[in-house]
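Protein chains in written order, with the numbering used here: chain A, 613 to 1088; chain B, 16 to 501.
Treat the hints as calculated values from the structure; they're not laboratory data. Among these hints, one or two may not hold up.
[To be verified] Dumping the calculated DSSO-like pairs for lysine-lysine here, alpha-carbon to alpha-carbon at most 27 Å: (1) A:Lys998 <-> A:Lys1080; (2) A:Lys741 <-> B:Lys295; (3) A:Lys691 <-> B:Lys247; (4) A:Lys826 <-> A:Lys775.
[Unchecked claim] To give an idea of the chain B side of the interface with chain A (calculated C-beta under 10 Å), a few residues: (5) Thr24; (6) Ala28; (7) Phe93; (8) Leu107; (9) Asn109; (10) Tyr148; (11) Asp245; (12) Thr249; (13) Ile274; (14) Ile323; (15) Glu327; (16) Asp336; (17) Val338; (18) His342; (19) Leu353; (20) Tyr386.
[Unchecked claim] Where chain A lies over chain B, by a calculated footprint (3+ residues, C-beta under 8 Å): (21) 203 to 215; (22) 373 to 381.
Think of the CB as a built atom: it goes at the ideal place given N, C-alpha and C, for glycine as much as any other residue.
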Amino acid sequence: MIWETVIGLETHVQLSTKTKLFSRASTAFGASPNTNVNLVDCGLPGVLPSVNKEAFYKAIRFGIAIGAQINQTSIFDRKNYFYADLPKGYQITQMDLPIVLGGSIEIITDDSSKTINITRAHLEEDAGKSIHDEYDGFSAIDLNRAGTPLLEIVSEPEISSAKEAVAYMKAMHQLVTYLDVSDGNMAQGSLRCDANVSIRKKGNKELGTRTEIKNINSFKFIEKAINYEVKRQIKILENGEKVTQETRLYDSVKDETRPMRSKEFANDYRYFPEPDLLPVVISNEEMQTIKDEFPELPKEKENRYIKEFNLSAYDAQIIASSKSMADFFEDAAKKTTNYSLLSNWLIGDISAFLNKEMIEIHESKLNSDNVAMLINRIDDQTISGKIGKSIFEEMWVSGSSPDEIIESQGLKQISDDGAIEEIIMTVIRDNPDQVEAYLGGKDKLFGFFVGQVMKLTEGKANPQAVNKILKEQLKK
Amino acid sequence: MSIQFKSITELRAMLDDKLISPLELVQESHHLADKFKELNCFITMDEDLSKKKARTIDLGKENNSFLLGIPLAQKDLFCTQDLRTTCASKILSNFIPPYTATAVEKLEDSGSITIGKTNMDEFAMGSSNETSYFGNVHNPWKKGYVPGGSSGGSAAAVAAGIVPAATGTDTGGSIRQPAAHCGITGLKPTYGRISRWGMIAFASSLDQAGPLARTAEDCAVILSSMSGHDPKDTTSLNVEVPDFLSKLNYPIKGLKIGIIKEFDLSDLDKEVQTRFEESKKVYEKLGAEFVDVSLPNISASVPTYYSIAPAECSSNLSRFDGVRFGHRAENTDDLNDLYIKSRSEGFGDEVKRRILIGTYALSAGYYDAYYKKAQQVRRLIKNDFDLVFESVDILMTPTSPSTAFEFGSKGAQNPVELYLEDLFTISSNLAGLPAMSIPHGQVNSLPVGLQLIGNFLREDQLLNAAHIFQQNTDFHLAKPSMEDFK
Chain A
613 MIWETVIGLE THVQLSTKTK LFSRASTAFG ASPNTNVNLV DCGLPGVLPS VNKEAFYKAI
673 RFGIAIGAQI NQTSIFDRKN YFYADLPKGY QITQMDLPIV LGGSIEIITD DSSKTINITR
733 AHLEEDAGKS IHDEYDGFSA IDLNRAGTPL LEIVSEPEIS SAKEAVAYMK AMHQLVTYLD
793 VSDGNMAQGS LRCDANVSIR KKGNKELGTR TEIKNINSFK FIEKAINYEV KRQIKILENG
853 EKVTQETRLY DSVKDETRPM RSKEFANDYR YFPEPDLLPV VISNEEMQTI KDEFPELPKE
913 KENRYIKEFN LSAYDAQIIA SSKSMADFFE DAAKKTTNYS LLSNWLIGDI SAFLNKEMIE
973 IHESKLNSDN VAMLINRIDD QTISGKIGKS IFEEMWVSGS SPDEIIESQG LKQISDDGAI
1033 EEIIMTVIRD NPDQVEAYLG GKDKLFGFFV GQVMKLTEGK ANPQAVNKIL KEQLKK
Chain B
16 MSIQFKSITE LRAMLDDKLI SPLELVQESH HLADKFKELN CFITMDEDLS KKKARTIDLG
76 KENNSFLLGI PLAQKDLFCT QDLRTTCASK ILSNFIPPYT ATAVEKLEDS GSITIGKTNM
136 DEFAMGSSNE TSYFGNVHNP WKKGYVPGGS SGGSAAAVAA GIVPAATGTD TGGSIRQPAA
196 HCGITGLKPT YGRISRWGMI AFASSLDQAG PLARTAEDCA VILSSMSGHD PKDTTSLNVE
256 VPDFLSKLNY PIKGLKIGII KEFDLSDLDK EVQTRFEESK KVYEKLGAEF VDVSLPNISA
316 SVPTYYSIAP AECSSNLSRF DGVRFGHRAE NTDDLNDLYI KSRSEGFGDE VKRRILIGTY
376 ALSAGYYDAY YKKAQQVRRL IKNDFDLVFE SVDILMTPTS PSTAFEFGSK GAQNPVELYL
436 EDLFTISSNL AGLPAMSIPH GQVNSLPVGL QLIGNFLRED QLLNAAHIFQ QNTDFHLAKP
496 SMEDFK
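Put together the whole structure using the sequences plus the hints.
Dropping the structure here:
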């Protein structure tokens, strides 16, 4: 039997606003528990929500970028359920009238591209966090996250494999970071998704029974969770049994999905329009401002890099693919003129280090000043490319500037011809046998002399100068 | 010198003439509250802070606020910083808010002094003040009789002359009906006129704060202070607050008053009808013209209200879960058990009933038939009013179908009987319109109220019509003997 996988993703994007969706408390990540919480966030009696328009602007920017219809009048609804980290006993969300309707996202897998249609994207507030394992016999509640603005983006069930799901999430990550809609930090939960997974016999039109895998927050887990779930469903169907429609959790330690307790989701949410908020209207002027201030997208950046910095199409594409990398490149390019060397370093050594630690460049200790300085020192021959690599390793660990490292470790390249000549004369004097052999036709020995010079200068001699002077002196 | 039964205007003159100091005034108010403790109109007193504030008041400055040094009482559903706020519920019986409601803050910024928090129906759900966790409030006119509700404590405190005015809230008649039963003047403003920030919500789309006082003039003073846009309440209207006092004395000759055909008064007590006819004559004499008008959908007001208000209440009251504040049950097994026990112990029967009704009205499969339908009917009722106000200035009805009744005599067997108390008052909440109740005589030695309903944001017209009536009658001057309570 050939099975076909059908996946729809609900992506939760935490919008990078300074304050919460309905209160003026900070959204900063990592604060002590319950410190980014005000009267509204903890749902005290008598408090009322008031909207943060910045969240609307960000949602609209996303909608424009995916070619969606924007509903300029936003109506909110209450989704009612009891949970200890949901302070009001309801979540304010958008049910009937999402701010973003339709649109699509292009994904690329193995060099082929596919368009995934978007059903809708709506604004809602996040809940707080329950902590069950830190206090013996008690659960603790941290409301710092309560009220943080989320954009929930719902895709059509058009994704056909775990690989495509990962590609979709990567495209989503690139888009939301590029648009400055979200910081896209998956480890901190800024980008996470629920996957609706079902399978059917190839060729069938009808959808199979789906399960929903909740709250997956890394590319790796998306792939693993979906693959596990697809295998599980195939096994059930091939045994002649039926898939149960349910909500499941992915356990990354055991690499499996398992059902959530039915209590946790079997709710009648009793949606109704939020009476504490008037409809929020985004004016045509505001829409125009959003369009006027629209950020440059990857494709546009790529073309500009080729034109403005003379990068190769390949380099331009790689650098532009990550907002973090592109920002870094543009900053550094203001401080150096050797753009090709800069892009070589970013794509080469720097990317290798980043990939190893699985971080983005803005999360590393590098800054554009220091990297530009490194490029400049290589460019002006203060140091060799080889020394550059060891300096970079030091920069990566300590965050120090190249000049500091060069100074403190005495790594400055010797480019003074007189000084180099002196060292070369010493080498010739100390190795008369080799000189004789070289002059007798053993050309390969040239490398030996270079090595000796580098040994004496601890690698700091300018290689071009060494070559030139050595050749001259050996002939004499 | 006695301050009992004095209006704000009278107390202002006494303060300005140095016949009494702000401290003496506040002390006297506390003394009266204590003397008439049996009324049970207060839940919590604020003796220390109110006296402290009174001591700091400097009457010597010029351009003093009209409310400077005037003692007031606040309904116990307005949050007051550091002063217990219970909503007359066990579930909030230990709740001390960290902030003050905008409406109260504005009154205090005007120099008034809060002496205490008044009793009410639990979470403002009731029309007789019999659902309070802190016990019944007596009507000052007759012991053992209800003061009306839900702002029963505020109405009783004003009627007994303890304070010249008090705040109330009105979701379906909760200011006007107790004002009528206690023989005082009460105003429910246009929805959005006064900020709801800090007002513990019953039904968000219907709740509105307002004053209960001895006269229309005093209502105008309080309303001027409480009103205004508040960025913390996005449903509060961003409109200028008119000077309500300056318009009180406009002649009302030619004022067009509508009488609603659909309200059949012939079913009411003969005496209630007679008072109504007499008041019409008063207005006619003053030059007003009466017009019969039709509001075809108004008869659906009570069922519409009792779908929408409980639905909103079921959601608004979800936050009382024993997790962050308020009553938490002991010896619970898990989170669900904590919810069930805390809420079962913390809420009274009427609140539970409305949460159940509202949960049902919003539940899957019933939403369209109840909540959604009710919202559609609400729109029709509002449209009816809009149309009628094209041809009349104000509408006039009795405030309540009857006078105050004996404790336990209504609604004990059938709660709907009590819901009909709101027959005349509910429609203006559904339409968001301002309305007031003024005393217009008595039936069987108990006061009855006359309701005036105004057009959107036209509190000025209501206050004007009420003030002129009070200038030409003395019903508002009648005082209970208080002999039962000495």
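Evaluation of the provided hints:
no., hint, result
1, A:Lys998 <-> A:Lys1080, "19 Å, holds"
2, A:Lys741 <-> B:Lys295, "62 Å, violated"
3, A:Lys691 <-> B:Lys247, "22 Å, holds"
4, A:Lys826 <-> A:Lys775, "18 Å, holds"
5, Thr24, "31 Å, violated"
6, Ala28, "35 Å, violated"
7, Phe93, "8 Å, holds"
8, Leu107, "7 Å, holds"
9, Asn109, "13 Å, violated"
10, Tyr148, "15 Å, violated"
11, Asp245, "9 Å, holds"
12, Thr249, "5 Å, holds"
13, Ile274, "32 Å, violated"
14, Ile323, "9 Å, holds"
15, Glu327, "6 Å, holds"
16, Asp336, "6 Å, holds"
17, Val338, "5 Å, holds"
18, His342, "13 Å, violated"
19, Leu353, "8 Å, holds"
20, Tyr386, "6 Å, holds"
21, 203 to 215, "holds (count 5)"
22, 373 to 381, "holds (count 4)"
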